[in-house]
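The task is simple: from the sequences and hints, build the whole structure.
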Amino acid sequence: MSLGVFVSDYKLSSDTLERLDPGKTGVILVLNGVWHALLKESGKASSLLDRFSKVYALSEDIETRGMLPAQVDGRVKVVNYDGLVDVVFNEFEKIAWL
Amino acid sequence: MSLGVFVSDYKLSSDTLERLDPGKTGVILVLNGVWHALLKESGKASSLLDRFSKVYALSEDIETRGMLPAQVDGRVKVVNYDGLVDVVFNEFEKIAWL
Amino acid sequence: MGDVKCAFIVQKPQYKGETSRLAMTHALAYQTVEILLEDGDTVTPSLCFVGEGVLGITKGQKAMDIYGITSSESHLKNCLLVDLDVYVCKEDLDKFGISVDQLPDAEEMGAEKTINVVPFSEIAKKMDEAKHVLFF
Amino acid sequence: MGDVKCAFIVQKPQYKGETSRLAMTHALAYQTVEILLEDGDTVTPSLCFVGEGVLGITKGQKAMDIYGITSSESHLKNCLLVDLDVYVCKEDLDKFGISVDQLPDAEEMGAEKTINVVPFSEIAKKMDEAKHVLFF
Amino acid sequence: MGAITMGVYPGLVGSASYDFAIKFAGAAAKKGHKVSMWFSGNATGSVKAHQKHLKDYSTGEKYLTELLAAGVEVCTCEACTVARGVQKTESIEKIQWNAMHWYLARIHSADRVLLIGGE
Amino acid sequence: MGAITMGVYPGLVGSASYDFAIKFAGAAAKKGHKVSMWFSGNATGSVKAHQKHLKDYSTGEKYLTELLAAGVEVCTCEACTVARGVQKTESIEKIQWNAMHWYLARIHSADRVLLIGGE
Numbered sequence: 001m002s003l004g005v006f007v008s009d010y011k012l013s014s015d016t017l018e019r020l021d022p023g024k025t026g027v028i029l030v031l032n033g034v035w036h037a038l039l040k041e042s043g044k045a046s047s048l049l050d051r052f053s054k055v056y057a058l059s060e061d062i063e064t065r066g067m068l069p070a071q072v073d074g075r076v077k078v079v080n081y082d083g084l085v086d087v088v089f090n091e092f093e094k095i096a097w098l
Numbered sequence: 001m002s003l004g005v006f007v008s009d010y011k012l013s014s015d016t017l018e019r020l021d022p023g024k025t026g027v028i029l030v031l032n033g034v035w036h037a038l039l040k041e042s043g044k045a046s047s048l049l050d051r052f053s054k055v056y057a058l059s060e061d062i063e064t065r066g067m068l069p070a071q072v073d074g075r076v077k078v079v080n081y082d083g084l085v086d087v088v089f090n091e092f093e094k095i096a097w098l
Numbered sequence: 001m002g003d004v005k006c007a008f009i010v011q012k013p014q015y016k017g018e019t020s021r022l023a024m025t026h027a028l029a030y031q032t033v034e035i036l037l038e039d040g041d042t043v044t045p046s047l048c049f050v051g052e053g054v055l056g057i058t059k060g061q062k063a064m065d066i067y068g069i070t071s072s073e074s075h076l077k078n079c080l081l082v083d084l085d086v087y088v089c090k091e092d093l094d095k096f097g098i099s100v101d102q103l104p105d106a107e108e109m110g111a112e113k114t115i116n117v118v119p120f121s122e123i124a125k126k127m128d129e130a131k132h133v134l135f136f
Numbered sequence: 001m002g003d004v005k006c007a008f009i010v011q012k013p014q015y016k017g018e019t020s021r022l023a024m025t026h027a028l029a030y031q032t033v034e035i036l037l038e039d040g041d042t043v044t045p046s047l048c049f050v051g052e053g054v055l056g057i058t059k060g061q062k063a064m065d066i067y068g069i070t071s072s073e074s075h076l077k078n079c080l081l082v083d084l085d086v087y088v089c090k091e092d093l094d095k096f097g098i099s100v101d102q103l104p105d106a107e108e109m110g111a112e113k114t115i116n117v118v119p120f121s122e123i124a125k126k127m128d129e130a131k132h133v134l135f136f
Numbered sequence: 001m002g003a004i005t006m007g008v009y010p011g012l013v014g015s016a017s018y019d020f021a022i023k024f025a026g027a028a029a030k031k032g033h034k035v036s037m038w039f040s041g042n043a044t045g046s047v048k049a050h051q052k053h054l055k056d057y058s059t060g061e062k063y064l065t066e067l068l069a070a071g072v073e074v075c076t077c078e079a080c081t082v083a084r085g086v087q088k089t090e091s092i093e094k095i096q097w098n099a100m101h102w103y104l105a106r107i108h109s110a111d112r113v114l115l116i117g118g119e
Numbered sequence: 001m002g003a004i005t006m007g008v009y010p011g012l013v014g015s016a017s018y019d020f021a022i023k024f025a026g027a028a029a030k031k032g033h034k035v036s037m038w039f040s041g042n043a044t045g046s047v048k049a050h051q052k053h054l055k056d057y058s059t060g061e062k063y064l065t066e067l068l069a070a071g072v073e074v075c076t077c078e079a080c081t082v083a084r085g086v087q088k089t090e091s092i093e094k095i096q097w098n099a100m101h102w103y104l105a106r107i108h109s110a111d112r113v114l115l116i117g118g119e
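One line per chain: the protein sequences are A, B, C, D, E and F, in this order.
Number 98 marks the last residue of the first sequence (our numbering); no jumps.
Number 98 marks the last residue of the second sequence (our numbering); no jumps.
Number 136 marks the last residue of the third sequence (our numbering); no jumps.
Number 136 marks the last residue of the fourth sequence (our numbering); no jumps.
Number 119 marks the last residue of the fifth sequence (our numbering); no jumps.
Number 119 marks the last residue of the sixth sequence (our numbering); no jumps.
Keep in mind that the hints were calculated from the coordinates and are not lab data.
Backbone N, C-alpha and C define an ideal beta-carbon position, used for all residues, glycine too.
You can take every hint at face value.
Listed next, the in silico BS3-like pairs over lysine-lysine satisfying Cα-Cα at most 30 Å (straight line):
1) Lys24(B) - Lys125(C)
2) Lys131(D) - Lys77(A)
3) Lys11(A) - Lys54(B)
4) Lys40(A) - Lys77(C)
5) Lys131(C) - Lys77(B)
6) Lys40(B) - Lys95(D)
7) Lys88(F) - Lys55(E)
8) Lys31(E) - Lys5(C)
9) Lys55(E) - Lys62(D)
10) Lys54(A) - Lys95(C)
11) Lys59(D) - Lys62(E)
12) Lys31(F) - Lys77(A)
13) Lys88(E) - Lys62(F)
14) Lys62(D) - Lys54(B)
15) Lys11(B) - Lys90(C)
16) Lys94(F) - Lys55(E)
17) Lys77(B) - Lys34(E)
18) Lys52(E) - Lys62(F)
19) Lys11(A) - Lys24(B)
20) Lys77(C) - Lys62(F)
21) Lys95(C) - Lys11(B)
22) Lys5(D) - Lys24(A)
23) Lys59(C) - Lys77(C)
24) Lys77(A) - Lys30(F)
25) Lys95(D) - Lys44(B)
26) Lys90(D) - Lys40(B)
27) Lys90(C) - Lys24(B)
Output of the computed footprint for chain F on chain C, the stretches with three or more beta carbons under 8 Å from beta carbons of chain F:
28) 16-28
29) 62-71
Below, the structure written as structure tokens:
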């Protein structure tokens, strides 16, 4: 897995994510990006979770918003800041903030 | 015409505009909002121009971006900062920046 | 001029920039504005959450524990406590799958007001009735 | 470590915040970075414009006349002048109806490089080849 | 002539919406309208005096000083400003310092209110 | 242990992405990684000393001071900073002042680069 992309917003303001090869890209949900792991808009989970097989979400940002890690979609791996540091150094070759 | 809404971005990050009554709302395109008056995305002008009958665009922001008022869609009235002040005081009862 | 009604429409989610939070703190200031006005003059904001603005106003927030800042939940409770009218768009809550039970109240603080969950048409009416509309 | 390749991907339009402009000014700094590095070490950014990032890079900009600031056009020309590789996504230009003729060159300043209009797949390749990817 | 109260929130040095606010305020004042500006959030950083005006940065002290000279009233949110480490003694002259109710009071007397809140 | 270079651009007081940058830098430093932070754009306003830490504002001097004490290297873009009226003498101690090539040099030696540029 080559590129880890940080997503920090719920509304995606960028088309870039759709163009990245999901075979070489993982997603790290932080800040308001964690809503992708929590909400079912009109009953449906975020399309990000269908598209990318490796998805992380930051527990501190989930709890800041009054939500619980237990409410997170099963496909998402929840990590705290400490764990996120390991994800950045060990799970991807490079990272980027979209 | 009651509410004049400033649109300052090209990508619309808000659903609010779609929900406003076009019979009571006009649009003022400034900053990157002027791209709505200039671009034909995949050959089609911005849907804002179909939806709202009263649309203004700021000439200074068109020219800053290297475009010319002549390239503006015919449904849009081009004003400069001076004219915009009159639009704000005379054409709408209230204004808002979306 | 008497009372000036304002519609404060929050459409950005909490916890990104400051704008959506400033909607609440500015609304709270309606309590003290009379210091600067003539007798009988008032400003009355209605605080309305629509679109993505309904994100980040649910209860149980841990912003103080984690980031050391006052939570949006806490600001919202203060708004209720000082008798501001607070409206949250029902269609948007439904769309995001957020239930009314997840919204906070400030009963334990002695607030008489609660959050009004209303259709967007009600919020549009607040905008119509207001002299000024401010999007946050 | 020799040369470190970076892909600078500009996806925000010019003239909103500073980020998309800072992509160019930071790329330009590659000329002077050797002051701080060991002999033989270099950093080579490729400057790529994609999505909305292709907005605000066309020629004829009047930013200096109107707002008193250096135009993005001028920064872009400087990038060409110092031999940076600049790529603009063809699909995005086509989508927005911007023609290649509208893009500036810096021939009159003596630049040898010109803007490369390329399919997105070429830009994806730059990201693959780079050690670091920075989105602006 | 009318009165307009402008709120400038996360407008910042280098932000196009801040530039817009400054230019629009100047145009309205030139036409004889009364203009009151309220700075909150990150816009408050811009009241710091002794800014170096570089061509790469879209706004700065000189524009604010011109506005003040043209009779535009500018007030910064005191809490927001000191949170950014800028003290009243370091402020551009003639800028007022007050709390949020100043903004609401100026809204009360305004014919038009424009809150520029976009990030 | 690795080295990470973080660019913080329009991150600001009151901005969640700025808060993230600070907390992440702290977590990485705690694990023994070398952390270098480059402030450009509006993030540079945050190097001003004597910030009043209010509970309503998410970040401030105290977090930066803690990072510096933990060995995190912080450098601000000099041009961006003086454009905002903040002089070197008014800066939080131990923050470096330099030009953009500082950032590129730290990118050269980094294992990971994270540019937080979102507005």
